[in-house]
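Enquirer: With the hints as constraints, model all of the structure from the sequences given.
These protein sequences, in sequence, are chains A and B. Numbered per numbering that gives the first Met the number 0, the first sequence spans residues 0 to 259. Numbered per numbering that gives the first Met the number 0, the second sequence spans residues 0 to 259.
What the hints contain is simulated information worked out from the structure, not anything from laboratory work. Check the hints yourself; a few may be wrong.
Copies of the same chain look alike in the list, so a pair counts if it fits in one copy or across any two.
[Said to hold, decoys possible] Okay, derived cross-link-like pairs now, SDA-like style, lysine to any residue, Cα gap no bigger than 25 Å in a straight line: (1) Lys-163 to Cys-247; (2) Lys-163 to Thr-227; (3) Lys-178 to Ala-240; (4) Lys-190 to Ala-157; (5) Lys-82 to Glu-55; (6) Lys-179 to Phe-212; (7) Lys-190 to Asp-241; (8) Lys-179 to Cys-247; (9) Lys-178 to Glu-188; (10) Lys-181 to Lys-235; (11) Lys-179 to Gly-236; (12) Lys-156 to Ala-180.
Each chain, written out:
There are 2 protein chains.
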Amino acid sequence: MKPLNRRQLLQSLTLASGAYGFGALAADINLAGKSNPGAPANSWTYLALDCDRTAELAYQCHNRMSSCMYGVFASIITQLGEKVGEPYRSFPCEMMVYGEGGVAGWGTLCGTLNGGAAAISLLVRNETERKALIDELFSWYQNTSLPLYSPTQPFFKADLPAVKTDSVLCHASASNWSKKAKVSFYSPERKERCTRLSADTARKTVELLNSCFSGQSAKPIHLGERTTGCLSCHGKGGSQADVLIKSCNSCHFTDRQPHP
Amino acid sequence: MKPLNRRQLLQSLTLASGAYGFGALAADINLAGKSNPGAPANSWTYLALDCDRTAELAYQCHNRMSSCMYGVFASIITQLGEKVGEPYRSFPCEMMVYGEGGVAGWGTLCGTLNGGAAAISLLVRNETERKALIDELFSWYQNTSLPLYSPTQPFFKADLPAVKTDSVLCHASASNWSKKAKVSFYSPERKERCTRLSADTARKTVELLNSCFSGQSAKPIHLGERTTGCLSCHGKGGSQADVLIKSCNSCHFTDRQPHP
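Expert: Here's what the structure looks like:
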């Protein structure tokens, strides 16, 4: 194992001090009247991962559990389990299956992003850095034509178009893709598209993590002209101040016409 | 500790067999060419929790970390840490902070639901049961006037109106509440509303878990007339088949008018 860099050292110290740990929480709120059982000294050390390997693993993991959130999260954590050992190896990655279909088919947040954000949040404890990385991941996702990943041994062989997702929501992203690809949402093509998209999002997450832990700052995102325009009135400090959001796309700006 | 019931026993056996474990995954995909390191035999045993205590804890936890997702998740896992011990006690609950503001302020899935779904998914490994519980939680949320929780020592003293969320999305749910309450999204009233809402969602999640682990089946949800109507064409088997969703509210059916 390589020696810890400055960020990793600081993170380990923060965790070992119990600032975020179960012990500190239980003590302060006097849970069930028991005394502080002591904070675990687990350290979630990050070591740089290979982007190609991560993409391939996410593709396999997604398919294995039929879950995009699991695919992205497990591709990262299982590799750290191999490289670092505990506490990664006993992390119950399988809990992340719940994010598929925008959480159990509710079509909300794309599960690849839920999984990527969960992994970032486990590894990056500094609030500003965590949010900046999630911002960069989400912004990349909605501004990129996906999928990009091309598996050597695809689960379903097809030439799939890359389509700009234009949303971080599962329903909008996947329905938009199905429309452009001229296939049913319930087709093997759409299923394959989402499996490849797990590979893309896992790769991007690891790119961001590698960059962060090598000491580089996340790039500030541009919300785009439309969203910036909306937020000038509706965001914090605006005359309306009635909204917290970072993308108005897909719900408020679409080519949707009145229902026939 | 009470003896395991049938469901808990089956779950422990499944986990111990490594069907979902890291060991099985690493072996099958031949991660980095290494041999199966062996599956951990951790058992995520559930014991019935007190609903009032859960609500109070979620309210405290949310406020402590300024995160709804953390509030709901940590209120459940820390109690199981006290009652059961490991592996709950060393679970890094603090990773769940990422869900606040619909994930880092992106306004997507309400973080209380992201946290509730994550807890359900950690504890209920049967796919059908897991999805049914998440369905019931999400359906309860969007059809209930919230917040209901009334703290004995509120962080911000105010009489807050209970408003039907009508959406599982953070932005729609919270903006709608702010509008009805005639306060800014960035007001202490809205912040207090969301903190109390964590208490409500944590309580409901534990009600569902207690019921599930006492052997009762989740109630099938009714998607409502509007969504059922949409899905008759747009859902699986419909003439369009271009959508996976369980609620069309808030994005497609609102009182929104063309922007002035």
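Enquirer: Against each hint, give a clear statement of whether it holds in the structure.
Expert: Consistency of the hints with the structure:
1. In this homomeric assembly, Lys-163 and Cys-247 come within 25 Å of each other (Cα to Cα) both inside a single copy, at 15 Å, and across copies, at 22 Å.
2. Only within a single protomer do Lys-163 and Thr-227 lie at most 25 Å apart by alpha-carbon distance; the minimum there is 20 Å, versus 29 Å between protomers.
3. For the identical chains of this complex, Lys-178 and Ala-240 are inter-copy neighbours only, at 10 Å across copies versus 35 Å inside a copy, given an alpha-carbon limit of 25 Å.
4. Taking the closest pair of Cα atoms, Lys-190 and Ala-157 come within 25 Å of each other only inside a single copy of the chain (11 Å); across copies the shortest separation is 48 Å, beyond that limit.
5. Taking CA atoms no more than 25 Å apart as the test, Lys-82 paired with Glu-55 passes inside one copy only; the shortest distance there is 17 Å, against 40 Å between copies.
6. With identical chains, the CA atoms of Lys-179 and Phe-212 are never at most 25 Å apart, being 38 Å at best within one copy and 44 Å at best between copies.
7. For the homomeric pair Lys-190 and Asp-241, the shortest alpha-carbon distance between copies (12 Å) is at most 25 Å, but the shortest distance inside one copy (37 Å) is not.
8. Taking identical chains as interchangeable, the C-alpha atoms of Lys-179 and Cys-247 lie at most 25 Å apart whether they share a chain (21 Å) or sit on different chains (21 Å).
9. For a Cα distance limit of 25 Å, the shortest separation of Lys-178 from Glu-188 inside one copy, 12 Å, qualifies, whereas the shortest one across copies, 42 Å, does not.
10. Within a single copy, Lys-181 and Lys-235 get their C-alpha atoms only as close as 40 Å, which misses the 25 Å cut-off; across copies the closest is 16 Å, which meets it.
11. Taking the shortest Cα distances, Lys-179 and Gly-236 sit within 25 Å of each other only across copies (20 Å), while inside one copy they are farther apart (38 Å).
12. Only within a single protomer do Lys-156 and Ala-180 lie at most 25 Å apart by alpha-carbon distance; the minimum there is 15 Å, versus 53 Å between protomers.
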